Amino acid sequence: MVDHSMQSSVSRKSRRWLFGLLIVLAVALLAWKFWPAGTDSKNEAGQKGAAGQAGRSGGMRPGFGGATGPIPVRVATAVTGDFPLYYKALGTVTALNTINVRSRVGGELVKIAFEEGQMVKAGDLLAEIDPRPYQNALLQAEGTLLQNQAQLKNAQVDLERYRGLYAEDSIAKQTLDTAAALVGQYQGTVKTNQAAVNDAKLNLEFTRIRAPISGRVGLRQLDVGNLVAANDTTALAVITQTQPISVAFTLPENNLETVLARYRSGAKLPVEAWDRGDVKLQASGVLQSLDNQIDVTTGTLKFKARYENRDQSLFPNQFVNVRLLADTLKGVVLAPTAAIQFGTNGTFVYALDGDKKVTIKKLKIGASDGDKTVVTEGLAAGDRVVLEGTDRLKEGSEVEVVNDSQQVPTTPTEHLQGKTAAAPTEPAVADKAKKGGA
1 MVDHSMQSSV
11 SRKSRRWLFG
21 LLIVLAVALL
31 AWKFWPAGTD
41 SKNEAGQKGA
51 AGQAGRSGGM
61 RPGFGGATGP
71 IPVRVATAVT
81 GDFPLYYKAL
91 GTVTALNTIN
101 VRSRVGGELV
111 KIAFEEGQMV
121 KAGDLLAEID
131 PRPYQNALLQ
141 AEGTLLQNQA
151 QLKNAQVDLE
161 RYRGLYAEDS
171 IAKQTLDTAA
181 ALVGQYQGTV
191 KTNQAAVNDA
201 KLNLEFTRIR
211 APISGRVGLR
221 QLDVGNLVAA
231 NDTTALAVIT
241 QTQPISVAFT
251 LPENNLETVL
261 ARYRSGAKLP
271 VEAWDRGDVK
281 LQASGVLQSL
291 DNQIDVTTGT
301 LKFKARYENR
311 DQSLFPNQFV
321 NVRLLADTLK
331 GVVLAPTAAI
341 QFGTNGTFVY
351 ALDGDKKVTI
361 KKLKIGASDG
371 DKTVVTEGLA
381 AGDRVVLEGT
391 DRLKEGSEVE
401 VVNDSQQVPT
411 TPTEHLQGKT
421 AAAPTEPAVA
431 DKAKKGGA
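If you use full-length UniProt numbering, the sequence shown closes out at 438, no skipped numbers anywhere.
These are calculated hints, taken from the structure and not from any lab test. All values derive from a computational prediction rather than experimental measurement. A couple of the hints might just be wrong.
[Stated by the list, open to error] EDC-like mimics (lysine to aspartate or glutamate), calculated; alpha carbons at most 16 angstroms apart, straight line:
#, residue 1, residue 2
1, Lys111, Glu205
2, Lys330, Glu308
3, Lys88, Glu253
4, Lys372, Asp355
5, Lys356, Glu308
6, Lys88, Glu272
7, Lys88, Glu395
8, Lys372, Asp130
9, Lys201, Glu142
10, Lys111, Asp223
11, Lys88, Glu377
12, Lys330, Glu128
13, Lys394, Glu377
14, Lys88, Glu400
15, Lys356, Glu400
16, Lys356, Glu377
17, Lys201, Asp275
18, Lys357, Asp391
19, Lys304, Glu272
20, Lys357, Asp383
21, Lys268, Glu308
22, Lys361, Glu377
23, Lys111, Glu128
24, Lys361, Asp383
25, Lys362, Glu395
26, Lys191, Glu142
27, Lys280, Asp327
28, Lys330, Asp353
29, Lys111, Asp124
30, Lys361, Asp311
31, Lys357, Glu308
32, Lys304, Asp291
33, Lys121, Glu142
34, Lys356, Asp291
35, Lys111, Asp130
36, Lys88, Asp278
37, Lys394, Asp353
38, Lys364, Asp353
39, Lys268, Asp327
40, Lys357, Asp327
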């Protein structure tokens, strides 16, 4: 029995060991099957391909890639021309006049004669207050005026009679003076009554609320049937004048010299208003006025430009991009902004020295509009400067000018792999072969 149990225990251990060995073999087989194929062979093939490519292009430089042949570049020519000097700023459209329309008399609102958002002219009827109380007040004032006018007329007749009697020495001088004073009293009363009549007429006219200026009416604040108080805090409507209209903007103080000199000379400086995306020109106007002091917190000066706004393209409180044409520089040297480089020694460009080599030219530059830059010193009209392919250039580098920007190196990866050096040279080799065969 003991031997039998020991044999069965050994048999179980053998089976376990064999089963574990099979699992290890299966895992090793799967790992070998799915392991990335031939890294070394790929590297070897890549090295062979690179060697072949280097052979075609005249050999590769050891170390930090690139070809020993000419570097392909794209060039442009510096020209002489006029440069419009624009100053850009963010502006806010501002109505020349904004009126809160309120009633000058109290009463019930019986009529509204405008549509919300409507364009109105000065004097157009907007609303009407119940006029009946003011009509009655006018009648009462006119009645009082008539009574006192009659008393005045009677006193004037008595005065003329007393003057005749006094001339005949029939009455005392005191009686004549009393009659004259009574006439003056009634004359004053009549004037007071006339003023009351005029005031009643004015109040009656105020029951018809009219637009004080031409402009656009906003949303109404009151409805028909509401009781309105004189000079109520709640406006009946708001009118904004949109023709003409102005745009307020600021410029930094270091840009003021040219603008102020032109403005004080009487020149009308054009100011363009562009949309928020700076894509569409919305309106063109002129500089109208400027503030009398610089804001010390921002170092800027406030300006206002005026626009006719006939097409209603500008809306009050709208944000726009402002372009102020401060001056036009005549006959200056203009270079593409993409060609200008910035380094530790200043601003420079790679200019062609002949047809095959480049040289570094240091520059002094002026204003720029993003595409072109004014060159005040260091470059002449007709000089050719490198636009693309500047990454591997240095003083005296040999270059090959290409017209297609796709042939010019654009990324460091392409430079390291030496791809762009071979691309432009292969057509050149083909052209030479064709010429030789011809």
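Hint check:
Taken as a hint, the Lys111 and Glu205 pair is honoured in the structure, with Cα atoms around 15 angstroms apart against an allowance of 16 angstroms. For the hint linking Lys330 to Glu308, the alpha-carbon distance of about 30 angstroms lies beyond 16 angstroms, and the restraint is violated. Proximity of Lys88 to Glu253 is assessed by CA-CA distance (about 13 angstroms); at most 16 angstroms being required, the pair is judged to hold. Distance hint between Lys372 and Asp355 is unfulfilled; the C-alpha atoms sit about 24 angstroms from each other, more than 16 angstroms.
For the hint linking Lys356 to Glu308, the alpha-carbon distance of about 56 angstroms lies beyond 16 angstroms, and the restraint is violated. A threshold of 16 angstroms between alpha carbons decides the hint, and for Lys88 with Glu272 the separation of about 10 angstroms falls inside it, so the pair holds. At roughly 37 angstroms between alpha-carbon atoms, Lys88 and Glu395 are farther apart than 16 angstroms, so this suggested pair is violated. With a C-alpha separation of about 68 angstroms, the suggested pairing of Lys372 with Asp130 is violated against the 16 angstroms cut-off.
For a cut-off of 16 angstroms, the pair hint linking Lys201 to Glu142 stands: about 10 angstroms separates their Cα positions. At most 16 angstroms may separate the alpha-carbon atoms for a hinted pair to count; Lys111 and Asp223 meet this at roughly 9 angstroms. For the suggested pair Lys88 and Glu377, the alpha carbons sit about 25 angstroms apart, so the restraint of at most 16 angstroms is broken. This hinted pair does not check out: Lys330 and Glu128 have alpha carbons roughly 62 angstroms apart, beyond 16 angstroms.
For the hint linking Lys394 to Glu377, the alpha-carbon distance of about 21 angstroms lies beyond 16 angstroms, and the restraint is violated. Between Lys88 and Glu400, the direct Cα distance comes to roughly 39 angstroms. Violation of the 16 angstroms bound is thereby established for this hinted pair. With a C-alpha separation of about 6 angstroms, the suggested pairing of Lys356 with Glu400 holds against the 16 angstroms cut-off. Pair hint Lys356 plus Glu377 does not hold up; C-alpha atoms about 24 angstroms apart against a cutoff of 16 angstroms.
At most 16 angstroms may separate the alpha-carbon atoms for a hinted pair to count; Lys201 and Asp275 exceed this at roughly 50 angstroms. For the proposed pair Lys357 and Asp391, the alpha carbon gap of about 15 angstroms is at most 16 angstroms, so the pair holds. Straight-line distance between C-alpha atoms of Lys304 and Glu272 comes to about 12 angstroms, which keeps the hinted pair within the 16 angstroms bound. For a cut-off of 16 angstroms, the pair hint linking Lys357 to Asp383 stands: about 13 angstroms separates their Cα positions.
Of the supplied pair hints, the one linking Lys268 and Glu308 holds, its CA atoms being roughly 15 angstroms apart against a limit of 16 angstroms. The suggested pairing of Lys361 with Glu377 holds, with an alpha-carbon distance near 10 angstroms, which does not exceed 16 angstroms. With a CA separation close to 5 angstroms, the supplied pair Lys111 and Glu128 stays within the 16 angstroms bound. In summary, the hint linking Lys361 to Asp383 is supported, as the alpha carbons are separated by about 11 angstroms, within the 16 angstroms threshold.
With a C-alpha separation of about 12 angstroms, the suggested pairing of Lys362 with Glu395 holds against the 16 angstroms cut-off. Distance check on the hinted pair: Lys191 and Glu142 sit about 12 angstroms apart at the alpha-carbon level, within 16 angstroms; holds. With a CA separation close to 22 angstroms, the supplied pair Lys280 and Asp327 exceeds the 16 angstroms bound. With a CA separation close to 28 angstroms, the supplied pair Lys330 and Asp353 exceeds the 16 angstroms bound.
About 14 angstroms separates the Cα atoms of Lys111 and Asp124, which keeps this hinted pair within 16 angstroms; it holds. Restraint check: the Cα-Cα separation between Lys361 and Asp311 comes to about 50 angstroms, which exceeds 16 angstroms; the hinted pair is violated. The hinted pair formed by Lys357 and Glu308 fails the criterion: a straight-line CA distance of about 56 angstroms is larger than 16 angstroms. Restraint check for Lys304 and Asp291: satisfied, since their Cα atoms lie roughly 8 angstroms apart, inside the 16 angstroms limit.
For the hint linking Lys121 to Glu142, the alpha-carbon distance of about 33 angstroms lies beyond 16 angstroms, and the restraint is violated. For a cut-off of 16 angstroms, the pair hint linking Lys356 to Asp291 is broken: about 56 angstroms separates their Cα positions. Using a Cα cut-off of 16 angstroms, the hinted pair Lys111 and Asp130 holds, with the two alpha carbons roughly 9 angstroms apart. Simply put, Lys88 and Asp278 have alpha-carbon atoms about 11 angstroms apart, close enough for the 16 angstroms limit, and the pair holds.
The straight-line distance between the Cα atoms of Lys394 and Asp353 is roughly 12 angstroms, inside the 16 angstroms bound, and the hint therefore holds. Under the criterion of a C-alpha separation no larger than 16 angstroms, the hint pairing Lys364 with Asp353 is inconsistent with the structure, at around 20 angstroms. With a C-alpha separation of about 11 angstroms, the suggested pairing of Lys268 with Asp327 holds against the 16 angstroms cut-off. For the suggested pair Lys357 and Asp327, the alpha carbons sit about 38 angstroms apart, so the restraint of at most 16 angstroms is broken.
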